[in-house]
Structures are given as structure tokens and as C-alpha cells.
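**Student:** So the chains spell out like this:
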Amino acid sequence: MTDTTTIPVLPVLIAKDFASDQEPKWCPGCGDHAVLQQLKNVLPELGIAPENIVFVSGIGCSSRLPYYIATYGVHGIHGRALPMATGLKVSRPELSVWVGTGDGDALSIGGNHFIHTLRRNPDLNVVLFNNEIYGLTKGQYSPTSKIGLRTVTSPSGVIDQPFNTAALTIGSGGSFFARAFDRDGKFLRSILKRAALHKGTSLVEIYQNCPIFNGGAFEAFASPDNKANNTVYLEQSKPLIFAKGKRGILLDGFQPIVVDLDKEGISSSDLWIHDETDINKASILAHFADEESLPRPFGVFYAKERITYEDALTAQISEAQKNGFGTFEELLKGDQSYEIKQA
Amino acid sequence: MTDTKKSTRQVSVTPKTSVSVLFAGDSGDGMQLTGTQFANTVAVYGTELNTFPNFPSEIRAPAGTIAGVSGFQLQFSSKPVYTPGARFDVMIAMNSAALKANLKDLHRGGIIIAGTEGFDEKNLKLAGYPEGANPLEDGSLSNYILFPVPILQLTREALKDSGLSSKEIDRCKNMFVLGLLYWLYTLPLEGTFETLRAKFQKNVHMAEANIRAVKAGYFFGDETELFANLGRFDIAPQKQHGIYRRVTGNEACAIALTAASKKAGLKLFLGSYPITPATEILSTLAKKKKYGVKTFQAEDEIAGIVSSIGAAYGGALAATNTSGPGLALKTEALGLAVILELPLVVINVQRGGPSTGLPTKPEQSDLFMAMYGRHGEAPLPVIAASSPVDCFYSTYEAARIAVEHMTPVICLTDGYLALSSEPWKVESPDNLAPITPRFHLPRKAEDPPFLPYKRDDRLVRAWAIPGTKGLEHRIGGLEKQNETGNVSHDPQNHELMTKLRAEKIARIAESIPLQSIDNGPEKGDLLILGWGSSYGAIKTAVEQAIEKGYSVAHAHLRYIHPFPKNLGEILGNYKKILIPELNNGQLIHIIRDTFLIAPQGFTKVQGVPFNEMELLIKITDTIKELQS
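Sequence lines, in order, name chains A and B.
Each residue of the first sequence is one higher than the one before, starting from 1 at the first, in my numbering.
Each residue of the second sequence is one higher than the one before, starting from 1 at the first, in my numbering.
These are calculated hints, taken from the structure and not from any lab test.
With a Cα cut of at most 25 Å, we get these calculated SDA-like pairs of lysine to any residue:
1. K263(B) / Q321(A)
2. K16(B) / A228(B)
3. K16(A) / F450(B)
4. K289(B) / F325(A)
5. K333(A) / S78(B)
6. K267(B) / A320(A)
7. K16(A) / P448(B)
8. K16(B) / L141(B)
9. K469(B) / G265(B)
10. K499(B) / F563(B)
11. K138(A) / H375(B)
12. K16(B) / G109(B)
13. K575(B) / M613(B)
14. K79(B) / P15(B)
15. K215(B) / L196(B)
16. K287(B) / A320(A)
17. K202(B) / K287(B)
18. K40(A) / T484(B)
19. K333(A) / Q238(B)
20. K454(B) / D21(A)
21. K454(B) / K499(B)
22. K341(A) / S428(B)
23. K16(B) / K79(B)
24. K289(B) / Y393(B)
25. K425(B) / F328(A)
26. K290(B) / E94(A)
27. K287(B) / G324(A)
28. K267(B) / E319(A)
29. K333(A) / K289(B)
30. K16(A) / V487(B)
31. K333(A) / E427(B)
32. K469(B) / V12(A)
33. K290(B) / E319(A)
34. K16(B) / T186(B)
So that you can see chain A by itself, here it is in the shape it has in the complex:
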């Protein structure tokens, strides 16, 4: 078994080295192709040998991801990628474990595993492809579909309140949340790298366009004009500025307020300064999505490392073994054995 820490020199790998021999079977124009490309760009930068990387997935279009990456990969059952990845990571902490999942897989059938994985915080990199629709089963609404969306199973429009992935992650005790966009390749790549470097469960929500069943779901953030006016990109210790530098966001108590920067008396130093270790501010950012007047945040909302599940367990095992490992004989004999002497 190879340990990542004992590899002296790694051959220089490039994105192509991480392409498997299987041709991706996603539809033309699907956002998944772009995400796959950025993952293949990031993996060589991590300095981890391909044999020490595992991609785990559940079911759905996004969950085909492992087949297309030339590392170890296992494609499981619907909703259960996170516990499978947790079991793997707990038993093999030295591996780099990634999860490819979707809005249905992670937030509907796998919703229970989603919240519990986040609170336990195993060191997993979770890439959540959110297209706000069930694509593989041909267009039913998902737990992130917008209210009113008409689909085959909601002919009169969706009446379920959608999940807010960011709020759910933060509320579940997640230690990392970031949002990215499929067609913003360079930015997506930087976010995936940040997620890989975060020790703990890193949740990356990617707005991913499904051109077949929910095309244009993210159009409000897509065209250059829309993007400028409707999105704000988060940078650590930088003020929240958008609309090509013309507008910013002030924090009045817990209330975010959009201001024009050319207005008299407001300068960038008055604005909300992004602090990704501040869980209260991260919660407010998460709820920007509820307010149409506010731009949609992209980037790292929250990142604060705390002990991972596997490290805590390993520490308990080391503690139990500090006076010696249990021997095989000791195991079988137990601590309440007794001797019968007479023949």
C-alpha cells in the first residue's frame, strides 16, 4: 500500500493524465463537461498520485463523474455517496477522497447523509452539481427547483420551498461552503483547489446548467451584463463590491444593503468586508438568495477548519493503544476469564 507521504518525487502530471478511457456520455452543452474539465485541471496541481485519489458518487447525471477520471472511482447507489466516502476515508485517512453528487442525490434521497456528514466533518471534497432538476430521469423537479417551475411532475408549478444549499451546509455544522458556476472555468478551478486544500468536508455548490430539462435556470447570472449586476464575487478581507465596481454592500446590523459607490459619502472602506471565518456573516450571505434585490454571492462563504472525524477517531485509538496494542491472545481471553483446574 502506498502512503501519500512517502512518495519522494511525483512525475509531473497534466490534465490529460486524469482522463479515463471512457467517453463522457453527458448531453452536448451540459455543464457537467465543464466541471469535469476543471477537476482534471486541478488534480495535477495537488501533488497527489492518481492511485491515492478516489472519486465516489451516488446516482444521477453528475454521479457518472468517476467513470471519466483516471483515478480510483466507485459509483454507488442513489443518495449514498457521502456515507460510502466517509467509510472509505475513516478506514483509509491517507487517501484523497472526492464526492460527485447532484441536487437530488445529495439533498433529496441523500438529505439525511448530507447533514450528518457535514456535522462530522470527514476530510472529503464534495462537488455538488446543482441544476435544479432531475436530469437522468428526464426532468422532474428537484429539492432546489424554484417555486412555480413547471415540470412533468409539477405541471401546475412547484409548490415546495427549495432548499438553500448554503444555509443548509452552514446550519449542519459544515466547515466549508463555496459556490461556483459551471461556465466560469477559471473561477471554478480556483474554488475546487481551495476545497481540496481545506481539511474537513468542503462543500462546493456548482450552478450547473441542464440545457435539456432546465435550460437557462441560471441565466440571471450568465450573460456578462447579468453577471455584473446580479452576482458578487467574494474575496477574503475585501469589500463586497459588484456591478463593475459601481455598487457595494453595507451591513446595517444583520441587514445587507446595496449602495451606489459613486454616491456621496460612501467609500469602499464603509462596506462589508468579507471574512470567511465569520459564521454569522456566512449565514447572511447564504440568505442573499432569498432577496431578489441582492446579488448572488459566489466564492468561499465560509471556511474554518476544525478537527476531522477520522483524526478524532485516530486520536482515540492512539489513546487506547498508549499502553500497548491488544494482542490476539488477549482479545480471545478477555478480561473476565477464569481457570478451571480440576481434570
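Chain A is already provided as a structure; the job is to place chain B on it using the hints.
**Tutor:** Below, chain B without anything else, positioned relative to chain A:
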């Protein structure tokens, strides 16, 4: 040392072969503790032993009621015993409800030691006796030997200057009972004293008070005239020299998983969710960190098994434990383990069903689910444990088959085995069968491509775990192409893979032992074919039937899928096959289906184990039918 064979007065000591005792009282009376301590004492004394606790499923049922009765039954003997006794010879009844709930299972002429304080007006009413009736006084127990003992009063007297509060003193009454029983069965006291001193290490007063209560009970027996006619008994020790420990079925499963991981050189991972009556496997393993064991209490049954599949993919000996409702939730993931062809041990501690059913009561009704409870064609090996100690060997065997044949294996136990205990002669690591994982070696760039689903002559694929250079591959729940493991929807390939998976399991029959006859002739009138926890009751009944001169034999199945190769031949050697099961008839279907024979069923679905008497009656009737 107290010389327990002598007493101050001359009371006779009668040798006896075996005795079954029930300790029964309110769930707050400490009967489990008393029974356990008594069991430890007779075990160390060297008699054969089998114990079974019986307690309410509610943590605190209303005090004094029938629902709140907690019992601990044990049989100890100078010859091997396989059950806690179909009926008991001695009953300790701490209150009226305990007597009322259990009297039907006391042998006629049996001994009742009744704590008189539990038979006051209030307790009699709570137990549902009619007003004015008191079984201790109205002669209704004239078929038994009744000893009314003011247990509480005597305990209070013995401990009046102990410095303990009256509540604490009252709680020592179970130790008085223990002392009295030690006197009755001429058993040593020192072991109990040691245990009490260790238990109350930080409270010397409490330790000494409990010891005084034990002694008070002992000397009460010695001094009172009450037992003068009955005398005392001696169950001679019989165990052979050696190191022993007492294990419950659940403990034995936990030890076996750890032992299998040691033998195989693998790390043990248990993904699990608490469920009655399987939880002790998780809690026992959670305490085995010294052996490097990793336990993961998952958010649900599904995460329990799926995390284990993840660990198995990573090269661990992975296991999950559950009971019926949990196995139902795990079935989809079991299918994944089947198609991934990864080793996984699933221990299902069966309980009464369907649905929540009878959570604390045993049943053998998950056999069909274990055999067939998955979508698609998804065969896997099924084995069943027959006694608390056999839970060790069956679980170990499940792990061996899982690792060596790269398959999930279901090991069936039940609520009876899980909680029952017996002495186990501690096994030596060298005596355990080797377990050899077949890890695929790293591959160099110039080597031929790696084929994840290439099989050996047993049709087993290699275990290719992450971290192995050159074996990077992708597998999943989608049907895969033969050998390459790539996704394939080809019709011929699907049929081929289905048949390969089935044939792989069938070939396990080549590596398991042949079926043996446990007792009785190799050819004859009647074969009792059992499986699982009914072993003890069948064994005892068949022994008795053979003593009566009947041509009856007993075979007990550990391997249910695949069956041992010679099972069909064995079944052909008897005029009639009788299959007792704690369900509505499940093994009987599988036997009929496999061998096209017409065995007779004998089923019981009452949430309680078979007892040897009802089996003996059935055997007798069946033999008579055959002869007429």
C-alpha cells in the same frame, strides 16, 4: 475461605445433576445483576451453564406490574447443557407479579423462594390478584415447595448499622438472595466478594454492605429451620481443565469480527446503527480500540452498511450489524455489495416481525429476506449460528467466506442467542482457520491492462484497493462488462454476469465442511433438521428421544446458502424429515425447492424459543405416526 460444604447445623447435602433457576422480580430489583453474578460463580466453580435474560422492552415499565417483571434464567449442570431449561426447578419471586408471570413455567414440585414484602396488598393488586387473595397464604401453591422469606426485613436488619441510607440498604436485598442461593447450592462466596470490592472500589462502605448482605443470606439459610427438610444441593463441577470465559452471542460476534481481522491482517471497520437486540455488537466493538477497531455509529441503517462498503472498497474487513427492520433498509446496499463483489459481513440478529414486531423477542423469520430480499438476481452466502459460543465460530466463518470469496455474507443469529450466555473455552489464535485476502499487486506501465473483473478458478475477482499503483479503475452499481468492469448494457453480457455471480456463490460449497449428523444414527426413521438457535432445544430433545430407543437423528445447518454438498444425500437416509423453525415455515420451502422432497414442518411463532419438552412430544408423535 468460607467452607461452603459444611454448615453449623447438620443439614444434608444431596448431589444433583442439574438445576434450572429463575431469578424474577420487578425491573428495579436487580435481578439481571443477581443472575449474572450467580452465573459467574457457577461458571468459575466449573459447572456447565446456559443463561437467558428476559426483560421488558420498556426501560421502566410500571413498578409491581406484570409488564415490569424482569427475569434471568439459568441452568447449571454436571453434564453439558444446551438451554436454560424448558422449565425451571427453582424460582426466586421478589414480588407477586414475578410469581404470577412465571408460575406456569415452574416444574410441579419446584421450589419457590418468595420475598414476602412483595406480596403486600399493594403488590398483589398491581399483579392483578383478586382482592383478599394471597398465593403465599391461600394454599394455591400447594403443588410446590414454598419458602416465604422476609427478604427486605432481613436485609435491613443485617445492614442497620452499615451507615447506608435506607434506600441504599433496600437495594442490597438482591445480594441477600444471592447469598441464600449460594448456601442452597453449596457454592463459594469469595468470587462475589472480589467482584463487589472491584465494582465499588471508590465506595468501600457500599462494597462491605453488599458483602454483608450476601453473608446474611448465606447464614440465614444456615440458621433457619425453614430449609431443614429440603437440605442443600451440590452440582459437581464438570468442566475440563482450561481457561474459560462466559460470552453472550452478541459478545461472541464482536470478538469474532476482531479475531477475523487479526487473522486476515486487515483493519476492522463496523458501520452500524443502534437497534435491539443487535446493539451490543456495536457497543462491544466500540470498546475494542486497543485492537485498532474502528466503529462508526451512522445516522441510519443505510449509512451503516454503505459506510462499510466504502471501507471494504478501501481494503478493510468491513461489517455491519442489525436486526430485521434494519436489514430491510440495507437491502439496496446489499445488492451494490453483490455487484461490486466486495467482502462484507452482515450480522442480522433476528427478532419478531414484521415491522417493529417484537423487538426484544427471538424469531427465525428473516431467513427468506436473507436469501431473497434483494432486487435483481443477487445471491449471497447465508450462514446461521446455533449457540452463543457458535456466534463466534459462525461470524468468524462469515468473515472468512466474505474475504476469500469477495462477497457480502449474511450471518443470522437471533435475540435469544444474542443475550444468552455460555462458558467458552478460550480459543487459541493458532486453532482458527486462516483467512487469506487476495490483494492485487501493483502494476507497472508495461504490464497488460488491469482487469478488475477477471476471475480465478473459484470465479473470485482480486481485491484492488486504492493506493495500489497502476490499478486505478472505476466500478459501480451499473452492470459491467465481463473482466474489464466497464459499464455495459449488452444483453448477452448481463446474462453472463448474472450467471457468473450465481456460480461464484454456488462454488463456495467446495470450500465449506460437509454436513454432519450431530446425534443419532446415520440412517433411520426420523431426522430433525434444524438451523440457528433451536440447536440447544433440539439437541436435548433428540438426546432424550434416543434414550427412549427411538430411531431419530439430529442435523443442524450452519450453511444455508450454499448448502453443504452432501445434504441431499443425508436427507435421503431417513424415512421422514422434520424441520422445526421459529417462523411460519421458511427453511422447509428452501429444502423442498432444492431437493424436491416433502419434509414435515414444526413451527412456533410466539416470540419465545422452542423448549425441549414440546420438541420431544413432537418427535414422539411423529415416530408413532411412522410406525402405525
